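Construct the entire structure; sequences and hints are all you get.
Chains as they are written, first to last, in the working numbering: chain A, 1 to 390; chain B, 1 to 160.
Do not rely on the hints blindly, as some may be mistaken.
To be verified - 20 Å max Cα-Cα, derived EDC-like pairs, lysine to aspartate or glutamate:
{"id": "1", "chain 1": "B", "residue 1": "18", "chain 2": "A", "residue 2": "291"}
{"id": "2", "chain 1": "A", "residue 1": "290", "chain 2": "A", "residue 2": "41"}
{"id": "3", "chain 1": "A", "residue 1": "372", "chain 2": "B", "residue 2": "16"}
{"id": "4", "chain 1": "B", "residue 1": "4", "chain 2": "A", "residue 2": "283"}
{"id": "5", "chain 1": "B", "residue 1": "4", "chain 2": "B", "residue 2": "26"}
Said to hold, decoys possible - Residues on chain A that point at chain B, a partial pick, calculated with CB under 10 Å:
{"id": "6", "residue": "20"}
{"id": "7", "residue": "38"}
{"id": "8", "residue": "302"}
Claimed, not checked - Where chain A lies over chain B, by a calculated footprint (3+ residues, C-beta under 8 Å):
{"id": "9", "stretch": "16-28"}
{"id": "10", "stretch": "149-156"}
Since the hints were derived computationally from the structure, they do not count as laboratory data. These numbers were taken from a predicted model, which means no experiment stands behind them. Where is the CB? At the ideal position from N, CA and C, for every residue including glycine.
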Amino acid sequence: MRSPLADKVLTIKPSGIRKFFDIVTEMDDVISLSVGEPDFDTPWHIRDEGIYSLEKGRTFYTSNAGLKELKEEIALYLKRKQGVEYHPQDEIFVTVGGSEAIDVAMRAMLNPGEEVLIPQPSFVSYEPCAILAGGVPVIIDLKPENEFRLTAQDLEMSITDKTKVVVLPFPNNPTGAIMEQKDLEEIADVIIKNDLFVISDEIYSELTYKEKHVSIVEIPGMQERTVLINGFSKAYAMTGWRLGYACAPKEITTQMLKIHQFAIMCAPTTSQYAAVEALRNGDDDVLEMKEAYNQRRRFLMHAFQEMGLECFEPFGAFYAFPCIREFGMTSDEFATKFLKEEKVAIVPGTAFGDCGEGFLRISYASSMENLKIAMERLSNFVARLRKGNG
Amino acid sequence: MREKLLSMIEKNSRIDLKELAVMMGEEEIDLVNELAALEEEGIICGYHTLIDWEKTSIEKVTALIEVRVTPQRGQGFDNIAERIYKYPEVTSVYLISGGYDLLVTLEGKSLKEISGFVSDKLSTLDTILSTATHFILKKYKDHGTILNKNYEDIREKVTP
Numbered sequence: 001m002r003s004p005l006a007d008k009v010l011t012i013k014p015s016g017i018r019k020f021f022d023i024v025t026e027m028d029d030v031i032s033l034s035v036g037e038p039d040f041d042t043p044w045h046i047r048d049e050g051i052y053s054l055e056k057g058r059t060f061y062t063s064n065a066g067l068k069e070l071k072e073e074i075a076l077y078l079k080r081k082q083g084v085e086y087h088p089q090d091e092i093f094v095t096v097g098g099s100e101a102i103d104v105a106m107r108a109m110l111n112p113g114e115e116v117l118i119p120q121p122s123f124v125s126y127e128p129c130a131i132l133a134g135g136v137p138v139i140i141d142l143k144p145e146n147e148f149r150l151t152a153q154d155l156e157m158s159i160t161d162k163t164k165v166v167v168l169p170f171p172n173n174p175t176g177a178i179m180e181q182k183d184l185e186e187i188a189d190v191i192i193k194n195d196l197f198v199i200s201d202e203i204y205s206e207l208t209y210k211e212k213h214v215s216i217v218e219i220p221g222m223q224e225r226t227v228l229i230n231g232f233s234k235a236y237a238m239t240g241w242r243l244g245y246a247c248a249p250k251e252i253t254t255q256m257l258k259i260h261q262f263a264i265m266c267a268p269t270t271s272q273y274a275a276v277e278a279l280r281n282g283d284d285d286v287l288e289m290k291e292a293y294n295q296r297r298r299f300l301m302h303a304f305q306e307m308g309l310e311c312f313e314p315f316g317a318f319y320a321f322p323c324i325r326e327f328g329m330t331s332d333e334f335a336t337k338f339l340k341e342e343k344v345a346i347v348p349g350t351a352f353g354d355c356g357e358g359f360l361r362i363s364y365a366s367s368m369e370n371l372k373i374a375m376e377r378l379s380n381f382v383a384r385l386r387k388g389n390g
Numbered sequence: 001m002r003e004k005l006l007s008m009i010e011k012n013s014r015i016d017l018k019e020l021a022v023m024m025g026e027e028e029i030d031l032v033n034e035l036a037a038l039e040e041e042g043i044i045c046g047y048h049t050l051i052d053w054e055k056t057s058i059e060k061v062t063a064l065i066e067v068r069v070t071p072q073r074g075q076g077f078d079n080i081a082e083r084i085y086k087y088p089e090v091t092s093v094y095l096i097s098g099g100y101d102l103l104v105t106l107e108g109k110s111l112k113e114i115s116g117f118v119s120d121k122l123s124t125l126d127t128i129l130s131t132a133t134h135f136i137l138k139k140y141k142d143h144g145t146i147l148n149k150n151y152e153d154i155r156e157k158v159t160p
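Structural data, given as structure tokens:
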């Protein structure tokens, strides 16, 4: 029998997280700081609105692009938060999470052989999505000395005559890095000069702990060459609702919408009604959760400092990315040993790209109680390793 | 800082100040001073413990009593409220808008003790027109805390 499979799929590596997941799920009483989603429940008023929509029998498809009122709320939100204008009619559409938007954007923009620049460490989907879309992923290694920001120089060095799209994954999972106004201005120059396009994944935009988040579309000349991706998962603790959105010039959304229409039809209706409520009345919830994350973030940074573990201060998302190079182990070895000996699960940095070697992703979307115990155990573990009898 | 500090210790008054200082990005000494000031100004009025008495073998009955009174000239409700709150078994007294005037919460060992208090002491006060006593049968949530609920993390243990 011949192979039932497409060659392209076979070239894609399974997610580096999978192996780790298998070990963790077999152990009892593990404290997990490996979770890439909020530990809060969706605020009740938002859930209530979802329930109400079900009670009212709003159980049908919405239009492909999503509920009109939701798209209008998204436009108002982007105006309010980033000061940018998108037409709800034809520049915004609602997706099944930010993940779908990433996939659809790549498929709508890439011709075979065209290169996509992907800064890493970053979320696991960009590379496979680029390959599946027929593009060629080109990895840019982000550097700890730049606080894992993308610099104009790093960007420029990776550009060839085949380069078409740059992925901007900030605020960043797994490093917690952000890009500030001047960082964005510098790379915008390079992008415009080389006539490139941007897929900006801003799913963590609400979770920044310095100045408010700046989007690349705020930089003059960038909105017309950017697909802006955001969603409800992280800001409103709505991961399971699977709801995101993409905003771009009409020329791009029209084509993205075709793919969305044929592959997905429309995003879940219940989630869309809940999301309208989130955007209308959810600002305070976001602030409250953000404050809790920020407290834990400070707690972690302090704990690392006390145990002498090197870590640049992350100003975004809910991850810290400490460096473990001093122990002469790979990230994978460190994480596995730590899990087995101390029963705390943290993800090796390499799950987010080869250049994550020597780092660990610690998620602080976890209760203070858990974080306290975990940091105590990490401190003991690190001390043992240093003594050389680990 | 003041508002944040208050909202933090309102949830957990036993929180370690050193730890709180780290979490809030403040100096511990500043928190100590601010707490002292808040106590001095009477903004922090006490530090209490939320106890689920149900889980002990100690009998406790809580009642909410709606009280209608005749306000007194020049005094409003203050005098009568003071008369009522002086009883140690009274745990709170609120002036209420709407169908009645004062809401009194009362803690006692038994229904009998509470009804005795209402009929002997409360109802006999001069300015009191009427009372309606409601006994609390079960507490589900108190002071923002859900009783009888253990937090369980049901998320997948590892996700990207």
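Results of checking the hints against the structure:
Restraint check for residue 18/B and residue 291/A: the C-alpha separation of about 18 Å stays at or below 20 Å, so the hint holds. The straight-line distance between the Cα atoms of residue 290/A and residue 41/A is roughly 14 Å, inside the 20 Å bound, and the hint therefore holds. For the suggested pair residue 372/A and residue 16/B, the alpha carbons sit about 12 Å apart, so the restraint of at most 20 Å is met. With a CA separation close to 17 Å, the supplied pair residue 4/B and residue 283/A stays within the 20 Å bound.
For the given pair, residue 4/B sits about 11 Å from residue 26/B by alpha-carbon distance, which is consistent with the 20 Å threshold. Satisfaction of the interface hint for residue 20/A is found here, the shortest Cβ-Cβ separation to chain B being roughly 6 Å, below the 10 Å cut-off. At about 9 Å, the closest approach between the beta carbon of residue 38/A and any beta carbon in chain B falls short of 10 Å, and the interface hint on this residue holds. Checking residue 302/A against chain B by beta carbon gives a least distance of about 4 Å; that is within 10 Å, so the hint holds.
Against chain A, the stretch 16-28 of chain B contributes 5 residues with a C-beta closer than 8 Å to a partner C-beta. That satisfies the three-residue criterion, and the hint holds. As drawn, the stretch 149-156 of chain B meets chain A at 4 residues by the rule of a beta-carbon pair under 8 Å; at three or more, the given contact holds.
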